[in-house]
Amino acid sequence: NAGVTQTPKFQVLKTGQSMTLQCAQDMNHNSMYWYRQDPGMGLRLIYYSASEGTTDKGEVPNGYNVSRLNKREFSLRLESAAPSQTSVYFCASRDVANYGYTFGSGTRLTVV
Amino acid sequence: EDQVTQSPEALRLQEGESSSLNCSYTVSGLRGLFWYRQDPGKGPEFLFTLYSAGEEKEKERLKATLTKKESFLHITAPKPEDSATYLCAVSAAGNKLTFGGGTRVLVKP
Chain Z
1 NAGVTQTPKF QVLKTGQSMT LQCAQDMNHN SMYWYRQDPG MGLRLIYYSA
51 SEGTTDKGEV PNGYNVSRLN KREFSLRLES AAPSQTSVYF CASRDVANYG
101 YTFGSGTRLT VV
Chain S
1 EDQVTQSPEA LRLQEGESSS LNCSYTVSGL RGLFWYRQDP GKGPEFLFTL
51 YSAGEEKEKE RLKATLTKKE SFLHITAPKP EDSATYLCAV SAAGNKLTFG
101 GGTRVLVKP
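Protein sequence lines, in the order shown, are assigned to chains Z and S.
Heads up: the first sequence at position 48 corresponds to 48 in this note's numbering, and the numbers run straight through without jumps.
Heads up: the second sequence at position 10 corresponds to 10 in this note's numbering, and the numbers run straight through without jumps.
Excised from the complex, chain S in its bound form (with noise of 0.2 Å):
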């Protein structure tokens, strides 16, 4: 069974403070890793795809990386706007996205 486990579950940064958020996952034949940004009361909003371990992607402020056993989305500086809950997902054989619990990030000015 495929499982994702995201920590922490909340974090709150300073502005221009960098943290990362952790997303390891057990999966059988990963064909992806996605990355989600989701603000209160909207859908999730797709920001990465990750395909192999090795493989980088980046995007304003924020870039993730993929290991074979885990996956880190690094927040650089971030500002107030930044502020969501950001989830991961994995997709396997079958076509389906497994998500993490997710990480709610909250920026203060």
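For reference, chain Z alone in the conformation it holds in the complex (with noise of 0.2 Å):
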């Protein structure tokens, strides 16, 4: 099914571990977006790319880096993971034509 794919789907790290997440989609957008989701916070934007080869800081880009690695696939890293981080992260594209966006279902991770 046409869509958003992220892995993993749960993750659960120690304080000062690394990781990448991953999405990808194939809709041929454009544009890409990571948002994090915390209880009272609502979604919040941490990176995005606005077409392949570029990456701009969203909302709360701080202890996260990106990569745009092809029309398809963008992804996300924790390059020393924080108790902080603890949150539910979404991937989303854009359909340049009608501005909506189409999210995965979303990667639950834990720092601990």
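I should point out that these hints are in silico values taken from the structure, not numbers from a laboratory.
Keep in mind that the hints are not guaranteed to be accurate.
Derived lysine-lysine pairs resembling DSS-like cross-links, with alpha carbons at most 27 Å apart [as the list claims (entries may be wrong)]:
(1) Lys57(S) with Lys69(S)
(2) Lys57(S) with Lys68(S)
(3) Lys57(Z) with Lys42(S)
(4) Lys42(S) with Lys63(S)
(5) Lys71(Z) with Lys42(S)
(6) Lys96(S) with Lys59(S)
(7) Lys57(S) with Lys108(S)
(8) Lys9(Z) with Lys71(Z)
(9) Lys71(Z) with Lys57(Z)
(10) Lys69(S) with Lys9(Z)
(11) Lys68(S) with Lys96(S)
(12) Lys14(Z) with Lys42(S)
(13) Lys71(Z) with Lys96(S)
(14) Lys108(S) with Lys79(S)
(15) Lys108(S) with Lys42(S)
(16) Lys42(S) with Lys68(S)
(17) Lys96(S) with Lys57(Z)
(18) Lys9(Z) with Lys96(S)
(19) Lys42(S) with Lys96(S)
Taking CB as the label site, the calculated pair distances span [as the list claims (entries may be wrong)]:
(20) Gln14(S) with Met19(Z): 27 to 37 Å
(21) Ala92(S) with Lys9(Z): 30 to 40 Å
(22) Gly40(Z) with Ala92(S): 43 to 53 Å
If you want the footprint, here are the derived chain Z segments under chain S, 3+ residues with CB under 8 Å [stated by the list, open to error]:
(23) 10–19
(24) 41–55
All figures in this text were calculated on a predicted structure; none of them were measured in a lab.
Where is the CB? At the ideal position from N, CA and C, for every residue including glycine.
Each chain sits in its own coordinate frame; assemble them with the hints.
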């Protein structure tokens, strides 16, 4: 099925460990986004990529890095995980024609 | 800075009891206002996009309206399967979505 695929779905990390969250879309969308969702905080933008080869910071970029590997793939890396990064992470891509975003099913990350 | 505020935070309804959710926004140069539905453990699912004041969109028991300052999501004769969190977001310059905190809706049979 067409859409946004995120891996892994669940992950537990120890403080200081690193990991990469993967995201791929097969809808030929130019723009891709990483959000985190926390109780009472809503969805907050971490980083985005308006097109292949470009990336920009969002509202909460500290502690994260991203790579737009190609048009399909946009990864999010935590270099040294902290408990404050415990959250649910969503990747999304955007159809430039109607501004609509399509979201993946999320990665639930716990940092202990 | 773009701001989106949703109210109420939570809503408990009896099946068939119609109600409305509010989304008030402050944005420079609105390009679109979006409504999403989110079920527990899943990503947001697109419902509607509204582009200009006065516009209305409908889908089954849901109807979204837009003014210059706010949007309403009306739920008519809700069923238990309408239970979810409803998210409002705005898109302005820069092609980024800014989300509100959401309204959790529980429809009891």
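Quick check: which numbered hints come out false for this structure? 10, 16, 20, 22 and 23
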